[in-house]
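A.B. asks: Sequence:
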Amino acid sequence: MNNANNKDSMQLSDRQQCELCEALILPSTFIKNKGLCGRCRKDINHFLKLYPLGLFDKELKRFSRFLWLKRMVGFGWRKNYSQKAFRDSIRLRVENEIRSMNSRSD
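Quick note on numbering: the sequence shown equals residues 3 to 108 in my numbering.
It should be emphasised that the hints constitute simulated quantities derived from the structure, not laboratory data.
Since the structure is predicted, the reported quantities are computational estimates derived from the model, not experimental observations.
Cβ atoms here follow ideal geometry from the backbone N, Cα and C, with glycine treated the same way.
Watch out, some of these pointers could steer you wrong.
[Said to hold, decoys possible] Estimated spans, in silico, between C-beta atoms of each pair:
1. Glu97 x Gln19: 26 to 36 Å
2. Ser91 x Lys36: 27 to 37 Å
3. Leu94 x Lys36: 17 to 27 Å
4. Asp90 x Gly40: 13 to 23 Å
5. Ile33 x Arg95: 25 to 35 Å
6. Lys34 x Ser91: 19 to 29 Å
Please put together the full structure from these sequences, using the hints given.
C.D. replies: Rendered as structure tokens:
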């Protein structure tokens, strides 16, 4: 019981920031979700189901999934965007990347 109280009373300074939305999260969540809050992780999982990495060439595959996503999304997304706006911005960036890759291969 004492451990539960300690976890709930963890100071804000002990928390870490999500790499996409900059929300403050517990260190255990940060590690479990590879640097993301639960909401961003859920959105990224949804995105990966729509756009599996198999669509992209070796240059993009050499990045880990999350480093690649950070590169595609950039850090423009903040808490005031809705989840739909977040997904739409990712979709547009991916479509632009696919177009540029197709034009390079032609």
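A.B. asks: I want to verify a distance hint. Is the separation of the beta carbons of Lys34 and Ser91 within 19 to 29 Å?
C.D. replies: holds, 25 Å
A.B. asks: Is 25 to 35 Å respected by the C-beta to C-beta distance linking Ile33 and Arg95?
C.D. replies: Once the Cβ atoms are compared, 27 Å apart, the range 25 to 35 Å for Arg95 and Ile33 holds.
A.B. asks: Just to be sure I understand the hint, the distance between the Cβ atoms of Leu94 and Lys36 should be within 17 to 27 Å; is that true here?
C.D. replies: With a Cβ separation near 24 Å, Leu94 and Lys36 satisfy 17 to 27 Å, so the hint holds.
A.B. asks: Regarding Ser91 and Lys36, is the given constraint of 27 to 37 Å on their beta-carbon distance met?
C.D. replies: violated, 20 Å
A.B. asks: Against the range 26 to 36 Å, how does the distance between the Cβ atoms of Glu97 and Gln19 compare: consistent or not?
C.D. replies: About 29 Å separates the Cβ atoms of Glu97 and Gln19, which means 26 to 36 Å holds.
A.B. asks: Quick check: does the Cβ-Cβ distance between Asp90 and Gly40 fall within 13 to 23 Å?
C.D. replies: Holds, at about 20 Å.
Checked against the numbered hints given earlier, the structure breaks only hint 2 and satisfies all the rest.
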